[in-house]
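Respectively, the protein sequence lines represent chains H and G. The number in my numbering is simply the position in the first sequence, starting from 1, with 427 added. The number in my numbering is simply the position in the second sequence, starting from 1, with 1379 added.
None of these hints come from the bench; they were simulated from the model. These numbers were taken from a predicted model, which means no experiment stands behind them. Beta carbons: idealized from backbone N, C-alpha and C, even for Gly. Among these hints, one or two may not hold up.
[Said to hold, decoys possible] Below, computed lysine to aspartate or glutamate pairings styled on EDC-like, alpha-carbon distance capped at 20 Å:
| hint | chain 1 | residue 1 | chain 2 | residue 2 |
| --- | --- | --- | --- | --- |
| 1 | H | 719 | H | 675 |
| 2 | H | 704 | H | 723 |
| 3 | H | 434 | G | 1437 |
| 4 | H | 657 | H | 645 |
| 5 | H | 434 | G | 1408 |
| 6 | G | 1528 | H | 433 |
| 7 | H | 696 | G | 1437 |
| 8 | G | 1410 | G | 1437 |
[Unchecked claim] Facing chain H, according to a computed beta carbon distance under 7 Å, are these residues of chain G, among others:
| hint | residue |
| --- | --- |
| 9 | 1416 |
| 10 | 1434 |
| 11 | 1439 |
| 12 | 1444 |
[To be verified] Some chain H residues near chain G, calculated using beta-carbon distances under 8 Å:
| hint | residue |
| --- | --- |
| 13 | 436 |
| 14 | 608 |
| 15 | 693 |
| 16 | 761 |
| 17 | 768 |
The chain contents come next:
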Amino acid sequence: MAESNEKVLIKGNYAIAQAAINAGCQCYFGYPITPQTEIGEYLSAEMPKLGRGYVCAESEIAAINMVVGAVSTGVRAMTTSSSLAVALMQEALSYAASDELPVVLVNVMRAGPGLGYIYPAQGDYNQSVYGGGNGDYKIIVLAPSTVQECIDFTYRAFYLAQKYRNPVILLADGLLGQMMEPACFGKDPYPEVDVSSWALTGAKDRESRAIYSIGTDEKKQVQHIYNLFKKFEVIAENETSYEEFEVEDADIILTAFGSITRNIKAAMKVLRDKGVKAGCFRPVTLSPFPHKRINELASMGKDFAVVEMNMGQMFKDVKYAVEGKSNVSLINRPVGEWLSVEEIVSAVEKIMESKYAASIQYS
Amino acid sequence: MEKNFILAGFGGQGILLAGTILANAFMLEGKNVTWYPCYGAEMRGGTVNCEIVVSDSEVSSVHKQDTDYALVLNQQSFDKFVHRVKSGGTIVSNSSLVAESRPRSDIKYVFAPMTQIANDLGNSKVANMAALGVLASVCDVVSKEYLAKGFEKVMSGKKKELLPLNIKALELGYGILTQAK
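Chain H extracted, bound-state conformation (with noise of 0.2 Å):
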């Protein structure tokens, strides 16, 4: 299955894992999940088989505590959680994120507040864009729609988090983790990144050096606070990426993040069908966010219906983004069952009629 240009089906979860080893990650840490445990399971078996390192962590605190000391020694490394108890890891983001380590964590979210439950949700769009450790900090989110993005958004993640010495999170979903589709694995099409200016590989021969977070000195610390965020300005100067559908001519742009945007894309079809001039939006980094994007479109008078599987979390974002000038709607469900393409259409129907924001809510 490794790097090879033949489609496969796979479930998203293998595809994460096997993108993994090909992206190169030396160690995984992790505690087993649903709905993303198959990622520890097919890691357990391959890792050791390529002399990479596979720890089963005694908890999810201790796996990515884990990957911040892997990865400070400049390896790459992995943990995968969901919704609850990535919510136990934020402390160690926080620190990481201090620390310019680029820690990769993936996150197959299911439903929450609380213990939930197993299936899809897309409840932790804002842990992971505001994040849930204290202090100032950004970390990348990386939003994959499909299979084959679990794959593309693996490779990318492992060099974004290098590349900018920056936590990066992939945001997959249950649904996402759970099917299958047809995908292809290529090769990990980016180049290596030198660590060798900062990792921890011993001080033989070169001065010591040392990561930490603490900040004693407050003048110091306002800088390094500062240069952290002129840092993720460089990021959203270069990695803000998103897709769009026939908005040239929309009137409203359906807009979703990660699996729940084929169902956007198929709604946009019917509503055309019937005369609707619909188009669709994707943010494919959550964090940075295309506000760019949305506030050129807005600009155009063109409104929004923001589609999630939450109570409305990206929703306030792109209502953000458009600083006033249109209407953001909001279609929701907060946990379960992926809204259909025909409670879309009717949703976005009842929002073209009125012509005002609306916020059409299914149980």
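Given chain H, put chain G in place with the hints provided.
Same frame as chain H, now just chain G:
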């Protein structure tokens, strides 16, 4: 063209495998396809199901509220999914374990003794292949030849030995309805 299929039965009847073979068959035919399983606690000791969507263009949604075809291998699955079949759709049932009944008048019913076919071949595990054979015989979208190729693709290593028996089950399932006439 887009069609979806729900395959359902007891855990252990090879439902998820049958779905994987069907999805591989569609992939090998060059079609767009998705496979989505139930992955809840319902799998443990109860019924199991998966949904396959096949499309000439991009699959519109992976998990739908209703289905064009239901392939059910036990009574519980019949009782549950007979109500999820689209008007004009078809439910294909394993008459070895499902009582013949027709609770709706707007769908088509196919009954075939899938477990019996497998038992007659001396291995009840191939009932899933017999089921796929029956499905291929009533559904234009599903090709028996590609199901055989799909099986080969899924089974690796030593399991390839099981190919002749499974192809036999597929063929018998495919022929059972015409034979009955």
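We went through each hint and held it up to the structure:
no. : hint              : in the structure
1   : 719(H) - 675(H)   : 16 Å, holds
2   : 704(H) - 723(H)   : 18 Å, holds
3   : 434(H) - 1437(G)  : 16 Å, holds
4   : 657(H) - 645(H)   : 18 Å, holds
5   : 434(H) - 1408(G)  : 12 Å, holds
6   : 1528(G) - 433(H)  : 15 Å, holds
7   : 696(H) - 1437(G)  : 11 Å, holds
8   : 1410(G) - 1437(G) : 9 Å, holds
9   : 1416              : 6 Å, holds
10  : 1434              : 10 Å, violated
11  : 1439              : 3 Å, holds
12  : 1444              : 6 Å, holds
13  : 436               : 5 Å, holds
14  : 608               : 5 Å, holds
15  : 693               : 3 Å, holds
16  : 761               : 16 Å, violated
17  : 768               : 5 Å, holds
Violated hints for the displayed structure, listed by number in ascending order: 10 and 16.
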